[in-house]
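Chains as they are written, first to last, in full-length UniProt numbering: chain A, 1 to 417; chain B, 1 to 417; chain C, 1 to 417; chain D, 1 to 417.
In short, the hints are calculated from the structure, not lab data.
Mixed in with the good hints, there may be bad ones.
The list cannot tell twin chains apart, which means a pair is met if one copy fits it or any two copies do.
[What the hints assert, rightly or not] Calculated lysine-lysine pairs in the DSBU-like style (CA-CA distance at most 35 Å, straight line): (1) 313 <-> 252; (2) 283 <-> 4; (3) 313 <-> 397; (4) 403 <-> 283; (5) 252 <-> 403; (6) 328 <-> 252; (7) 313 <-> 328; (8) 328 <-> 397; (9) 127 <-> 403; (10) 107 <-> 288; (11) 252 <-> 397; (12) 26 <-> 49; (13) 283 <-> 397; (14) 26 <-> 15; (15) 216 <-> 288; (16) 403 <-> 43; (17) 328 <-> 127; (18) 328 <-> 288; (19) 283 <-> 107; (20) 178 <-> 127.
All values derive from a computational prediction rather than experimental measurement.
Number of protein chains: 4
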Amino acid sequence: MATKANSNAHPTIIKVDPFIPAHEQKGIHNRWHPDIPPFATVKPGEVFKVECVDWTGAQIGNNDNSDDVRDVDLHSVHNLSGPVAVEGAEPGDCLVVDILDVTPFEKMPWGYTGIFELNNGGGLFAKEFQSRACKAIWDFEGIYATSRHIPGVRFAGVSHPGLIGTAPSTELLAQWNKREGELIADHPGAVPAVAFPPDPQGAYLGQDVSDEIREKFAREGARTIPGREHGGNCDIKNLSKGSRCYFPVFVKGANLSVGDLHFSQGDMSFCGAIEMAGIITFKCSIIKNGIEKFALKQPIFLPSPIDPLYSAKLVFEGISVDYHGDGKQYNMDATVAYKQAALNAIAYLQKVSREQAYLLLSAAPIESHVGAVVDSPNACVTLALPLGIFDHDILPKPDGLEKHNFGQCAIRSDGIL
Amino acid sequence: MATKANSNAHPTIIKVDPFIPAHEQKGIHNRWHPDIPPFATVKPGEVFKVECVDWTGAQIGNNDNSDDVRDVDLHSVHNLSGPVAVEGAEPGDCLVVDILDVTPFEKMPWGYTGIFELNNGGGLFAKEFQSRACKAIWDFEGIYATSRHIPGVRFAGVSHPGLIGTAPSTELLAQWNKREGELIADHPGAVPAVAFPPDPQGAYLGQDVSDEIREKFAREGARTIPGREHGGNCDIKNLSKGSRCYFPVFVKGANLSVGDLHFSQGDMSFCGAIEMAGIITFKCSIIKNGIEKFALKQPIFLPSPIDPLYSAKLVFEGISVDYHGDGKQYNMDATVAYKQAALNAIAYLQKVSREQAYLLLSAAPIESHVGAVVDSPNACVTLALPLGIFDHDILPKPDGLEKHNFGQCAIRSDGIL
Amino acid sequence: MATKANSNAHPTIIKVDPFIPAHEQKGIHNRWHPDIPPFATVKPGEVFKVECVDWTGAQIGNNDNSDDVRDVDLHSVHNLSGPVAVEGAEPGDCLVVDILDVTPFEKMPWGYTGIFELNNGGGLFAKEFQSRACKAIWDFEGIYATSRHIPGVRFAGVSHPGLIGTAPSTELLAQWNKREGELIADHPGAVPAVAFPPDPQGAYLGQDVSDEIREKFAREGARTIPGREHGGNCDIKNLSKGSRCYFPVFVKGANLSVGDLHFSQGDMSFCGAIEMAGIITFKCSIIKNGIEKFALKQPIFLPSPIDPLYSAKLVFEGISVDYHGDGKQYNMDATVAYKQAALNAIAYLQKVSREQAYLLLSAAPIESHVGAVVDSPNACVTLALPLGIFDHDILPKPDGLEKHNFGQCAIRSDGIL
Amino acid sequence: MATKANSNAHPTIIKVDPFIPAHEQKGIHNRWHPDIPPFATVKPGEVFKVECVDWTGAQIGNNDNSDDVRDVDLHSVHNLSGPVAVEGAEPGDCLVVDILDVTPFEKMPWGYTGIFELNNGGGLFAKEFQSRACKAIWDFEGIYATSRHIPGVRFAGVSHPGLIGTAPSTELLAQWNKREGELIADHPGAVPAVAFPPDPQGAYLGQDVSDEIREKFAREGARTIPGREHGGNCDIKNLSKGSRCYFPVFVKGANLSVGDLHFSQGDMSFCGAIEMAGIITFKCSIIKNGIEKFALKQPIFLPSPIDPLYSAKLVFEGISVDYHGDGKQYNMDATVAYKQAALNAIAYLQKVSREQAYLLLSAAPIESHVGAVVDSPNACVTLALPLGIFDHDILPKPDGLEKHNFGQCAIRSDGIL
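Chain A with its partners taken away, still in its complex shape (with noise of 0.2 Å):
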């Protein structure tokens, strides 16, 4: 007979909660230092759940106005759970780490995407489009996600964690900030900056640790703005439930680390998701040496098999060659022609306000290939927007584009858009 004897739930070996602040919880930081102690420790084999904060600590709220999203203080995030020591872990070893299952919270069956200002947190068209912000709330429904600010679309999540890596060495840690200081000293006074170097103010390390690694981590722990060689914040949306992922271990233990967990996420953009607080299931090995045997730079994965399917796609090219802007051409940019292709789908969704079109890419499950880089002077790539995540027909008719309502985004209360 099934009983509770013989049924035994997975772990959660580290637990937090969505609705208070994350600088008030244990087992969250908001940097990468090696001299983080590991919060938790399994072994290899072991299935294990870890909780996550949404990315900026629980800052943004399911209302109707995006007062919050102007005013988020961005010096404390992402707020990540971890780290979680794997037993038998070391540098130079391979962490197999099984991402087995994400999801919301089942007491906050919501997410939201923002825009954020230029001048806090701005994003990929935060200059061309002298951002405001704005935010769309999306309402959970089992495996799909809607939302009362852009009705009439509704699609499968790809649910994945935004941000997961392991922690560097302390080696690892100095050739980051060195390189990328050295990118914020050729640009300076820059709006956007171009990166973020280590920066005290809102750094936080929720466990006891001596006065002395906590002032070392303020002082030097890398942000966690960009993906780098043990991961991080790579925004990859097919890094999903069910993938299976291969880190590099840079110190004793692997020390990983999770957070910035997505509902949903595109191929794209800034808050470049449907953001959410949730649970991440796990299950990790080891393969020694995998650094040398798989000649690791940088992680390698394979993808879920339950990526959601929407074969139907209408796609968008670009090319290096800003013909949404001054018409300037630059030479073989893939990141210049990746935004020609969303401005291309921005303008076709004309029925859309702009905000709207720009949230729904960085929610949806849109798909951005690089066509080409070798047809000097263009790069080529493309955006597919699935057609199956619309409630309407949106394809080319000789007559135009059926006009359809997509509904307001959440503004600021001041009414400046």
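Starting from the known structure of chain A, fit chains B, C and D onto it as the hints suggest.
Using the frame of chain A, we list chains B, C and D on its own:
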């Protein structure tokens, strides 16, 4: 009863011979210019075929050395078939092009993937690898390609035109020449060149035209190397047989040209394909005023339902730090990230000589996604290698990777690698 | 800020305990009858959850013998949660049911696949195999199932309710009982039985109702074994989380009941699934007069976009000749063809004991297609086995099949196989 | 340089003319018999082509009436190309057959789907519909089929041989004739016939053979109607171009024959396909003693990676109750369930005449799954209709189904429907 009388083959409106140099044949041209007269005219709704030489115009042979790649004349590429005028198309319209089929010639069931010399053609890693000519010959066995130069690999082709576009208007051509000229001026003496200005050497127009037109064509005609607003050499693998494309129309008749057919290609590389001569089947229609209706800055398209499906993949990541080179930090540069992802894949396929991996990634249906271009300063790009194309298991194993023989590509007859 | 106040969990309208016998719990019933009053009522558009015991109501344990399977009480199955009335639904309408999610209980991350005794439950090959009880316990690791009883296999679940349906009208119930009674009468003494008439033994209705209703329920209520016009025990794997189903409505409120949740199942077999207790999330709406509008004789549905994708498969064929038995030729009998395809697959998986293969084919996401039922006298059915669920390569090789250890299923404690 | 000298087309080892009656051509036969000598011989590893007439041997024309379908001579079908012997194959071996491509003749870009008369050919619903001849002509536009007789529909073909098999041994042939003879004896006078015994009328063997062999062939040769242990007329849509099939070998050389090419077909129906004449490309190899190694009772195969992908589907269910007929309950009869699912789909497509829906379901890439054959007494079968093949939206809507014009199929010139 089935009879010849009730069976009408679709007409071939441009015929070429893949074994004769392109510059001896009619209906071929190798520059973009608004004044090229249509070589043939079709009605909307008509199914028709166009034959194409390979992009080099028969310069590359089915043999086991790469001297032909080393010595290829690139002044004369790409050899395009066309233009084809569509009755009723006018500037401002959208030309709907159904790419109904793309096949090799029955008499020529092979193609090639080449690596070009640093000083003659180059390629994505021309500098990094100090590229010397080499190539792989691919045999077409129905829907599959195999190569005696890369044994143990077989995959279904996602056949497509590497290059397809409508004719530019005079104004658009001027704009191209201006902006690319400025880029060239900014990079004096670059090797490989950053862009290619109009160049009378090798210019070829296989029609009877006035001397004046021929001279303008040669002097002003844009080179075919990059993709541009009209389509062109976008090298998008998903613009494959079965796709429906929406092109902006810039001149009366639209004047569609096509060439550079690929039996297969991933989201990658120079000569980034299995190059072939072959036959493309089209059907066109017109949407009046479509540029305005669909906000077309560049073509959009609906991909084919029959692209090869290999669900299991191994994915490599890359960020905008040149960690395979001097370690420099770049600012959200997707091109740098894309190169790292590719170099990670090549390093993994270490049992292959570097050239084998490079050729394979150029030919097989790999996918390259832009993961994120928002997490300053690191853009993140992924490259997904389909596992089903290999005869053997290439997954990471506790004991490392199993060794396999990937053969030897065709190299120069002087033995230089 | 994110707060409890702005976060509303979806309500659970039926709660059960998976560790308590079903007949001690409220909101459960195990017969179909029009007079069962709704246990809960929802509004169209509301998202709600329903908890379900496993189909046997906690009879099967997480252990290593199969005595519980041998001794299972089948008079009391299936234990369904419900009925749920939807406000406004009337006979003739179509009830649109979004199956938004299907998950196991967090506290019970396991399920089982059983083979039932010839004389107690039987199954597809009960006679052929003279079936004795055995079982495999499956551990749920996020989206995946693995089994200590079938090592070397892992697959993503396509979780679904094996059994879901609206309540029959009095007329429809009478029709069921009549036609099934006639079939039983035509096969006196059949083992296993060809059908199951109403049977007061084990009938359970977990609500406070009048004695009269309870008595009618027990005496007339249709057994839940087969699928019928209202849905019911169809065991369709693709009616999975993310699907949208259109049910005919036969009584006021529609009175939806659900149970027999499966973590995974292929297109196959008795106890044809990984059986589990768990939670299903729904949203319903009504289309007035939908039976007429859509010519509904039985439910129709839109499958989910997130069913597991394993593109590489090995396919077995079967025809309507019992060549695994006495060689008899049947007339276009798809059931016989289906059995041959299954037996071919089992014979292929020869390294597995017969029971292991049988259990595996019942649990994994195999597909069974009807190839043709027109080529007299042989119907043709295929069974496709996904290759990606195996740790090892099971493809045909020149040297034969590689041997692997598929372990041993749980058998009876008396050692009888 | 590319030259004729270094380009070798794959050889065509059997050539036919699709416009000449089959019985006037060489290399064609229409019965299965072990004594048919090989018409051609190939080596393992060789790529070769085989041309095929359509299954009727040019009896059906590209026109707008169905008299040819009404009057079709079925004594002479199916017209197969072959046999092809493979060097080294011996009884007991497994013949590995790569179906590398299947295409129509360039000069004959059309095919047909027919409904046959109750008394001459019949079909799945011959009795239910009291079938009269009608047909739809399909135009092949590259990878797509469209029909002037069913406007508003377009789909990519999953081209395959409806009929492919190795020659039976003398013993196997005897077994077929015996068991099918017994079935016929059990159903005297059945209309349509339950099976077809050897029949000298129409028997054709397009080779120079002795009178003795020709007489044995006509007298004993098994009809080609059903699929059997050697493959044969299985009508499996997924045995398509790109698949790899493993056939049991019963005679020296294996003696492979092929015909009844289909441009497209779903999991359905009589003349259950878009029938065409065309060309099939093969490569064969041999696995010694493969019947034993792989427990082969019938072919197994690996499907193609390029079958059309239409992810959005509408699914119909059916159970083994003839609720479209007399309401009778059948015992786990998947054939009855399959028919109900099909009739449900036809009823849904009510805006189509019954014949249009019947033709469409026979031609388009629908899928039919066996949901379950375990829930006594009802087998459950599903039929999935891909939504992407329609120009318009056929989903259920609150206001019912949108009306569309599905045209009119070609009927008899005497106007009888």
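Query - Hint numbers not upheld by this structure, sorted from lowest to highest - result: none
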